[in-house]
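Trainee: The listed protein sequences derive, respectively, from chains C and F.
Per our numbering, the first sequence starts with residue 4, numbered consecutively.
Per our numbering, the second sequence starts with residue 4, numbered consecutively.
A portion of the hints provided could be inaccurate.
Unchecked claim - Interface residues of chain C toward chain F, partial, derived using beta-carbon atoms under 7 Å:
#1 Met-186
#2 Ile-197
#3 Tyr-199
#4 Asn-235
Unchecked claim - These stretches of chain F come out as covered by chain C in the derived footprint (C-beta under 8 Å, 3 or more residues):
#5 182-188
#6 227-233
To be verified - Just a few of them, taken from the derived set where beta-carbon distance is under 7 Å, the chain C residues facing chain F:
#7 Pro-176
#8 Ala-180
#9 Glu-183
#10 Trp-194
#11 Gln-195
#12 Ile-196
#13 Ala-198
#14 Gly-200
#15 Ala-231
Treat the hints as calculated values from the structure; they're not laboratory data.
Even glycine gets a Cβ: it sits at the ideal position worked out from N, Cα and C.
Protein chains: 2
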Amino acid sequence: MQTRDIDYRCDDINLRGYLALEENADGERPGVLVFHEGVGLGEFVMERARRLAGLGYVALAADMFGDRRQANNLQQVATLVGALRAEPEKLRARGRAALAALAALPQVDASRLAAIGYCFGGSVVLELAREGADLKAVVSFHGVLTTKMPAQPGQVKASVLVCTGADDPLAPPEQVADFENEMRAGGVKDWQIIAYGNTLHGFTNPAADGSMLRTALYNEQADRRSWASMKNLFDEVLT
Amino acid sequence: MQTRDIDYRCDDINLRGYLALEENADGERPGVLVFHEGVGLGEFVMERARRLAGLGYVALAADMFGDRRQANNLQQVATLVGALRAEPEKLRARGRAALAALAALPQVDASRLAAIGYCFGGSVVLELAREGADLKAVVSFHGVLTTKMPAQPGQVKASVLVCTGADDPLAPPEQVADFENEMRAGGVKDWQIIAYGNTLHGFTNPAADGSMLRTALYNEQADRRSWASMKNLFDEVLT
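My request is simple: use the sequences and hints to build the entire structure.
Mentor: Right, here's the structure in full:
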């Protein structure tokens with residue numbers, strides 16, 4: 004497997020992504036973007052990118068903060084995430100820049116692209132879906148589901164899969180209900196929501212032990228199940 | 004594959020189930036009950052039983068109405084289903100009788116049992132889970148989720164998977180929310196709910212064309228996805 008950093012730009016910001024792909028594969032392959040949590044692009048999403056490469060995809064872990072900035076504490080997370088959440092157009096532009104960088108790679112079949120995201124990154128993939136990005140599928144893992152710019156009728160092209168912890172205080176039942184209504188009102192053709200019982204925020208990340216964020220806790224079962232559901236969806240729409 | 008009718012009793016009622024299993028398999032295998040829709044035990048659940056047998060399980064399509072009675076119209080469905088819904092203890096006893104019949108078969112490993120159900124049958128498997136039946140897993144496909152006897156703390160042993168249409172008027176969002184709260188209050192150790200967008204009632208049955216029940220409509224995608232999720236859960240808990 005080949006992994007390397009890949010620089011791309013959005014306006015005047017340098018973004019440093021992380022690319023993973025099988026070296027010995029021939030021909031163009033489907034591409035998958037991986038959007039990081041509020042802590043920034045680190046080992047967690049890199050490992051997911053390598054796992055996707057192992058499944059035969061060209062995987063690009065995107066950098067949403069610039070110069071691969073990372074947060075060391077909740078205050079820094081709030082600052083970095085807050086700046087983008089406050090300006091959803093800017094957030095979407097950063098996401099689009101990653102999509103363009105992935106689509107431009109010679110190994111990638113630009114007609115078969117998808118995006119997954121964790122926590123903050125889950126919000127990013129949903130924003131890309133809302134604006135009608137050319138993605139076959141988006142998968143949000145414990146993402147925040149609210150938006151300032153709800154999906155408009157006919158706009159969403161991607162199949163949408165939301166994997167959420169039933170006890171995630173960042174995505175409580177009322178928020179999930181609102182999201183369902185957004186999908187209905189937006190006439191989204193393919194969407195599904197999986198709620199895992201006894202599951203908090205951050206359930207995919209083995210490092211989530213409640214120390215940085217009390218309500219973020221790894222759940223091996225929900226991690227495994229949600230990854231399997233993502234794979235199934237990709238098998239449907241990317242092959 | 005071997006298929007045959009199998010008679011068992013509940014109180015003074017004769018129940019005629021339908022058994023499907025691989026003939027050439029050796030040793031005891033996990034057993035799976037299949038509970039029918041409100042129309043009764045017919046070709047639809049028989050086919051599902053054969054499919055389960057093809058996966059290596061001993062599958063018993065249970066008869067909940069006695070003498071394999073079937074309904075030909077909505078009025079008959081209402082009468083047959085209503086009689087059992089009105090007396091949940093009787094409904095549970097019928098379900099338990101099927102479980103005992105399956106567990107008693109020489110080909111079955113009685114320590115590895117599960118139950119799936121469709122529409123009315125979905126309610127049946129949830130009732131069995133609620134009373135703490137010795138099941139590793141129950142899967143409800145477009146089942147009604149309400150109950151007169153909610154799960155009490157510590158009672159449920161089975162892993163619970165609910166597959167529901169997001170637009171099913173028989174399981175509207177408020178009902179799903181109540182069910183989630185029942186699972187939380189009952190301290191159910193393993194539960195998950197999958198909601199499929201643009202999906203009505205009866206989505207697994209190719210014969211559901213809205214003619215008998217306007218809001219029951221086959222959805223090939225949701226049928227395929229929910230079956231795959233059931234298989235994944237069985238791979239986890241029955242092997």
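Trainee: For the stretch 227-233 of chain F, do three or more residues have a beta carbon lying closer than 8 Å to a beta carbon of chain C?
Mentor: Contact hint for the stretch 227-233 of chain F vs chain C: holds, 3 residues under 8 Å.
Trainee: Less than 7 Å between beta-carbons is the criterion; does C:Ala-231 satisfy it with respect to chain F?
Mentor: At about 6 Å, which falls below the 7 Å cut-off, the nearest Cβ of chain F leaves the hint on C:Ala-231 intact, so it holds.
Trainee: Tell me if the interface restraint on C:Ala-180 is satisfied: Cβ within less than 7 Å of some Cβ in chain F.
Mentor: At about 6 Å, which falls below the 7 Å cut-off, the nearest Cβ of chain F leaves the hint on C:Ala-180 intact, so it holds.
Trainee: Quick check on the hint: C:Trp-194 CB to chain F CB, less than 7 Å?
Mentor: OK, holds: C:Trp-194 within 7 Å of chain F, min 4 Å.
Trainee: Would you settle whether the hint for C:Ile-196 is holds or violated, based on the nearest Cβ-Cβ distance to chain F being less than 7 Å?
Mentor: Hint holds; C:Ile-196 Cβ to chain F Cβ min 5 Å, cut 7 Å.
Trainee: For the hint on C:Ala-198, just tell me whether its beta-carbon gets within less than 7 Å of chain F.
Mentor: holds, 5 Å
Trainee: Let's test the interface hint: is any C-beta of chain F closer than 7 Å to that of C:Gly-200?
Mentor: Since the shortest Cβ distance to chain F is 4 Å, the answer is holds.
Trainee: Using the nearest Cβ pair, does C:Tyr-199 come within less than 7 Å of chain F?
Mentor: holds, 5 Å
Trainee: Grab the minimum C-beta distance from C:Met-186 to chain F and call the hint holds if it beats 7 Å, violated otherwise.
Mentor: C:Met-186 check passes; min Cβ-Cβ to chain F is 6 Å, inside 7 Å.
Trainee: Would the hint on C:Asn-235 be counted as holding, given a Cβ-Cβ threshold of 7 Å to chain F?
Mentor: Cβ of C:Asn-235 sits 6 Å from chain F, so the hint holds.
Trainee: Does C:Pro-176 hold up as a contact with chain F if the rule is Cβ-Cβ below 7 Å?
Mentor: holds, 6 Å
Trainee: Close enough to count: is the Cβ of C:Ile-197 nearer than 7 Å to one in chain F?
Mentor: Given a least distance of 5 Å, the restraint on C:Ile-197 holds.
Hint compliance for this structure: every hint is met.
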